[in-house]
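Novice: Protein sequence lines correspond, in order, to chains F and X. Just so we're aligned, residue 10 is where the first sequence starts under the numbering used here, counting upward by one. Just so we're aligned, residue 10 is where the second sequence starts under the numbering used here, counting upward by one.
A hint or two may mislead.
[Unchecked claim] Quick look at which bits of chain X chain F covers, simulated, 3 or more residues with Cβ under 8 Å: (1) 30-43; (2) 54-68; (3) 256-267; (4) 347-355.
[Unchecked claim] Residues of chain F placed beyond 12 Å of chain X at every Cβ, according to the derived structure: (5) Leu80; (6) Glu89; (7) Phe97; (8) Glu102; (9) Gly179; (10) Thr205; (11) Phe209; (12) Lys259; (13) Leu284; (14) Val440.
[What the hints assert, rightly or not] The calculated DSSO-like cross-link candidates involving lysine-lysine, where the alpha carbons are at most 27 Å apart (straight line), are: (15) X:Lys122 to F:Lys221; (16) X:Lys149 to F:Lys149; (17) X:Lys221 to F:Lys74; (18) F:Lys279 to F:Lys409; (19) X:Lys149 to F:Lys221; (20) X:Lys201 to F:Lys106; (21) F:Lys201 to F:Lys149; (22) F:Lys122 to X:Lys221.
In short, the hints are calculated from the structure, not lab data. The beta carbon of each residue, even a glycine, is placed where N, CA and C say it ideally should be.
2 protein chains.
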Amino acid sequence: MENEAHERLLSVAHRFFETDPMEGAHTIEAMEPSEAAAILGALPASASIEMFRYLQAHDAADLLKRFPTGLFTAIVEGLEPEQCADIFASLSENGRKTFLERLPQRTQREVQKLLSYPEDSAGRIMSREFIAFHPNVGVKDAIQRLRSLANRKAPASYTYVVDEQQRLVGVINMRDLIIASPDDTLGTIMRKELYTVSSFMDREQLAEELSKRQFFAVPVVDPEQRLLGVVQSSRLIEHVQEEATEDIQKMFGAGGDEKAFSPILFSLRKRLPWLYVNLATAFLAASVVSMFEGIIAKLTILAVFLPVVAGQGGNAGIQTLTIVMRGLVMREIRTERVWNLLGREALIGIVTGLMTGVATGIIAWVWYGNPYLGVVIGLAMIVSMVIAGLSGAAIPLSMKAVGLDPAQSSGIILTTATDVVGFFAFLGLAVLFQAYLL
Amino acid sequence: MENEAHERLLSVAHRFFETDPMEGAHTIEAMEPSEAAAILGALPASASIEMFRYLQAHDAADLLKRFPTGLFTAIVEGLEPEQCADIFASLSENGRKTFLERLPQRTQREVQKLLSYPEDSAGRIMSREFIAFHPNVGVKDAIQRLRSLANRKAPASYTYVVDEQQRLVGVINMRDLIIASPDDTLGTIMRKELYTVSSFMDREQLAEELSKRQFFAVPVVDPEQRLLGVVQSSRLIEHVQEEATEDIQKMFGAGGDEKAFSPILFSLRKRLPWLYVNLATAFLAASVVSMFEGIIAKLTILAVFLPVVAGQGGNAGIQTLTIVMRGLVMREIRTERVWNLLGREALIGIVTGLMTGVATGIIAWVWYGNPYLGVVIGLAMIVSMVIAGLSGAAIPLSMKAVGLDPAQSSGIILTTATDVVGFFAFLGLAVLFQAYLL
C-alpha cells in the first residue's frame with residue numbers, strides 16, 4: 010500500500026521534472042540535499058538530466074557527490090562540458106579530484122581543456138560545439154550537411170568558415186545562407202569582416218562588447234586565429250549578473266563566491282578574516298577617541314554625539330562608494346575624468362555636509378542648550394562629509410590604479426577613514442571650543 | 010592656416026567615429042558636453058550615427074539637446090526606437106517634453122508606444138523589427154521574401170508564424186528553414202511549442218529565463234497571444250548588469266539611477282533625503298547612549314570602546330545583507346528556506362561573535378587592566394553580532410515579504426539596528442557590572 014503511494018508520488022515528480030525542468034530545479038534546490046538525492050536516485054537518469062541544467066553549480070555538485078556511479082555518469086554525460094567545468098569550479102580541492110576521476114574519459118579531457126583558461130575568461134564559457142566548413146564548399150552541400158546535422162544541438166545562428174589550418178576566415182549567418190544561390194561557394198558569400206575575441210578576454214569586457222554590438226554569439230580564437238569555440242550572448246547573462254553582484258559582497262569582506270546557502274564553514278572562512286581586519290581598524294578609531302578622554306570626562310554629551318558624526322560620514326561615504334564601484338563595473342569611468350569625479354564628490358560633500366550639519370547643529374543646540382556645541386558638531390559634520398565623499402571615490406579608484414581589486418573590502422577601509430576623520434574633527438573642535446562648551 | 014589644421018583634425022575625428030564607434034563613444038563621453046557637441050556639430054550626421062548607439066543614454070540626451078534641429082533629426086532617425094525610449098527615460102520632466110516634440114512623427118509614436126510599458130519590463134526593450142509569415146506560406150516563398158528583405162536589419166535567428174489575427178502560432182529558426190523541403194508550408198515545419206513572455210514581464214525574470222534556456226531571442230505577446238515584438242538576449246546583458254548594480258546603490262540611499270557623472274543636482278536630490286533619514290536614525294542611536302551618560306561620566310573608557318562594538322556589528326550585518334540581497338537578485342532564495350537562512354546567519358553570528366568578542370575582550374582587559382571590562386565588551390560583541398546577522402537577513406526578507414523593494418535603504422535600517430542593539434548591550438552590561446568596573 011505504502012509502496013504504491015510512493016511509486017505514484019515518484020511518477021508525479023518524474024513528470025514534473027520533465028515538463029518544467031526549471032521549476033523542478035528550484036524545488037530541488039529548496040530541499041535538503043540528502044532528501045533531494047534520495048528522490049532523484051529513485052528516478053531514471055533521463056528524468057533529471059534536463060533539470061540538472063537549471064541547477065546552481067553548487068547544488069548540482071552536492072547532488073552528484075551523493076549519486077552512485079551509474080547515475081552520476083548518466084547525468085554528467087547529458088551535461089555540456091561547460092556545465093561540468095562550472096560544477097567543478099564550485100568544489101573544494103578534494104571534491105575536485107574525486108569529481109574529475111569519476112568523469113567519463115572524454116568529458117574529463119574536455120573539462121580540463123576548459124579549466125586551462127583563466128576564471129572569468131571567454132575560454133571558460135565558450136561552447137565547443139559549432140559548425141565550420143572550408144571556403145570551397147558549395148552552398149548546396151553546406152545546406153545538405155546542415156540537414157544531416159539537424160538533430161545535433163548546435164548554436165543555430167552562425168556557420169563559420171575556416172581554412173586548412175583551422176584559421177577562421179569568414180562567418181555566414183543562416184539568413185545569408187538562405188538567400189544565397191545554391192551554386193555559390195561559402196567563400197564567396199561569407200562575411201570577411203570578422204569580430205573575434207581571444208579565449209583570455211575578460212568576461213565583463215566581452216559582455217560589454219556583445220551587448221553593444223548586439224551579436225548573438227561571438228567566435229573565440231587563439232593567437233593564430235584558429236577557431237576554438239563560440240560564446241553565446243545568452244550564456245553571458247548569468248555570468249554578468251553574478252559578477253556584478255559579487256562586487257557588493259566583497260566591499261564589506263564577504264566572499265565574492267559566497268552564496269546565501271553556502272556551507273557555514275565556507276562562509277566563516279571568507280568572512281572572519283575581514284571581521285578581524287575590521288576589528289583592528291575599529292581600534293584605530295577607538296584610539297582617536299581615547300586621545301580625547303579628558304574632554305569626554307568633562308563633557309559626556311560628546312560621547313552621545315559621536316555616533317551621529319560617525320554614522321553620517323559613513324553613510325555619505327558609502328553612497329559615493331557604491332556609485333563609483335558601479336561606474337567601474339559598467340566601465341563608465343575613464344581615467345581622464347577622475348579629477349572631475351573627485352571634484353564632483355567633494356562638492357556634493359560640501360552641500361550635503363552644510364545641509365545636514367546645520368540641522369544637526371540646531372538639534373544639538375536645542376538639546377544641550379549651548380549654541381557652541383551646535384557650531385562644533387555642525388562644522389565637524391561638514392568636514393566629515395567632505396572627506397567621506399572624497400574617500401568614497403578615491404579609495405576604489407586608487408585601489409584600481411595600483412592593480413588591486415577595487416571591490417575588495419573597500420567598504421571596510423572607507424568606514425575606518427570616515428570614523429577616524431569624523432572623531433578627530435568633532436573631538437578636536439570640541440577641545441578648541443572648550444572654553445565656550447563647559 | 011588655422012582653419013586647415015582644424016579641418017584636418019575634424020577629418021581624423023570623422024574617420025575615428027566611423028572605424029571604431031565604440032572607442033569613439035568612450036572618448037566623447039569623457040569630454041565636456043559643450044566641446045563634444047561642437048565637434049559633432051561640425052561633422053556630417055552620418056559620421057556620428059553609429060557612435061551614438063554606444064553612448065550612455067544620459068550622455069546621448071545631453072548632446073542631442075545641444076544639436077540644431079537638422080542634426081538632431083538625422084541622428085534620431087538613425088537610432089532604434091528602443092534607444093530613443095532609453096534616452097527619453099533618462100531626461101527630466103521638462104527635457105522629456107522638448108525631446109518628444111522634436112522627434113519625427115513616426116518615431117514619436119513608436120517611442121510613446123514603448124514608453125507605455127512599465128520601466129524594467131520586457132515591453133520597454135523589445136525590438137519591433139521582426140519577420141512574421143502566415144502558416145500557409147510555402148518555404149520557397151518565405152525564402153524569397155527573406156531574400157528581398159536581406160538589406161533590412163532584423164533579428165537573424167528566428168522567423169515567426171502568426172495567424173490572421175496576428176496571434177503567434179509557431180516559430181521557425183533559420184536552420185529549420187534551410188533543412189526543410191522547398192515545397193513544405195511554414196505551418197508544417199514550424200515549432201509549435203512556443204515560449205513567449207508578456208510585455209509586462211520583469212526584466213530580471215526575463216534574464217533568468219533567457220539565460221537558463223539559452224535562447225537567442227524571445228517573442229513578446231499581448232494577453233491575446235498577438236506578437237508585439239522580440240527581445241534579444243544580447244540586449245538584456247546591459248540591462249541586467251545595470252539592475253544588479255542599481256541595488257547596491259539603493260542599499261545606502263543613493264539613487265538606483267544615479268551614475269558617476271550624473272548632474273550634481275540630480276545626485277543631491279537622490280541622496281539628501283536619505284542622509285536626513287540616516288541622521289534621524291543616528292539620533293535614535295545617540296539617545297540610547299544618552300540614557301547611559303551617568304556611567305560614561307564615571308568611566309570614559311566606555312566611550313572609547315563604543316565605536317568598536319558598533320563598527321563590528323555594522324560590518325558583520327552588512328556582510329549578511331550583501332549576501333542576502335544578492336541571493337534575492339539572483340532568485341536563489343525561495344520562501345521555503347527562509348528559516349534555514351535565518352538559522353544559518355544566527356549561527357555564523359554566534360561563531361564570529363565568540364571569536365572576535367573574545368579577542369576584543371582580551372584587548373580591552375590588557376588596555377584597561379580590568380578583566381571585567383573584557384567580559385562586558387566581549388559579551389556585548391557576541392550579542393551585537395548575532396543580532397547583526399539576524400537583522401542583515403531579516404530586514405531585506407521582510408521588506409520583500411510586505412511588497413517593498415528590499416534594496417531601498419536596507420543598509421540604513423540595518424546600521425541603525427546594529428548601533429542601537431550594540432550600544433544598549435554594551436552600556437547596559439556596563440551598568441550591570443559597574444560594581445566590578447569602577
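Novice: Give a verdict on every hint.
Specialist: A quick look at each hint next to the structure:
Counting residues of the region 30-43 of chain X whose beta carbon lies closer than 8 Å to any beta carbon of chain F gives 4, which meets the minimum of three for the stated coverage. Note: the region 54-68 of chain X has 3 residues with beta-carbon separation from chain F under 8 Å; the three-residue rule is met and the coverage holds. Remark: the region 256-267 of chain X is confirmed as covered by chain F, as 8 of its residues place a Cβ nearer than 8 Å to a Cβ of that chain, reaching the required three. Using a Cβ-Cβ cut-off of 8 Å, 3 residues of the region 347-355 of chain X lie near chain F, which meets the minimum of three, so the contact claim holds.
The beta carbon of leucine 80 of chain F sits about 23 Å from the closest Cβ of chain X, which is more than 12 Å, so the claim that it is off the interface holds. Look at glutamate 89 of chain F: its CB is around 9 Å from the nearest CB on chain X, not clear of 12 Å, so calling it non-interface is violated. No Cβ of chain X approaches the Cβ of phenylalanine 97 of chain F within 12 Å, the least distance being about 20 Å, so the stated non-interface status holds. Against chain X, the non-interface label of glutamate 102 of chain F holds: every CB pair exceeds 12 Å, the least being about 23 Å.
The Cβ of glycine 179 of chain F lies farther than 12 Å from every Cβ of chain X, with a closest approach of about 16 Å, so its non-interface assignment holds. No beta-carbon of chain X is positioned within 12 Å of the beta-carbon of threonine 205 of chain F; the least distance is around 15 Å. In this structure phenylalanine 209 of chain F is separated from chain X by more than 12 Å, as the shortest Cβ-Cβ distance comes to about 20 Å. Non-interface call for lysine 259 of chain F relative to chain X: violated, since the shortest CB-CB distance, roughly 9 Å, does not exceed 12 Å.
Some Cβ of chain X comes within 12 Å of the Cβ of leucine 284 of chain F; the nearest lies about 5 Å off, and the non-interface call is violated. The non-interface label for valine 440 of chain F is consistent with chain X: the shortest C-beta to C-beta separation is roughly 14 Å, beyond 12 Å. Taking the CA atoms of lysine 122 of chain X and lysine 221 of chain F, the gap is about 23 Å. The hint holds against a cut of 27 Å. A hinted pair counts as satisfied when its Cα atoms are at most 27 Å apart, and lysine 149 of chain X with lysine 149 of chain F qualifies at roughly 15 Å.
Taking the CA atoms of lysine 221 of chain X and lysine 74 of chain F, the gap is near 23 Å; set against the 27 Å cutoff, the hint holds. Between lysine 279 of chain F and lysine 409 of chain F the CA atoms are separated by roughly 22 Å; this keeps the pair inside 27 Å, and the hint holds. Annotation: proposed proximity of lysine 149 of chain X to lysine 221 of chain F is violated, straight-line Cα distance about 34 Å (limit 27 Å). At roughly 44 Å between alpha-carbon atoms, lysine 201 of chain X and lysine 106 of chain F are farther apart than 27 Å, so this suggested pair is violated.
As the CA atoms of lysine 201 of chain F and lysine 149 of chain F are separated by approximately 20 Å, the hinted pair is consistent with the 27 Å bound. The hinted pair formed by lysine 122 of chain F and lysine 221 of chain X meets the criterion: a straight-line CA distance of about 23 Å does not exceed 27 Å.
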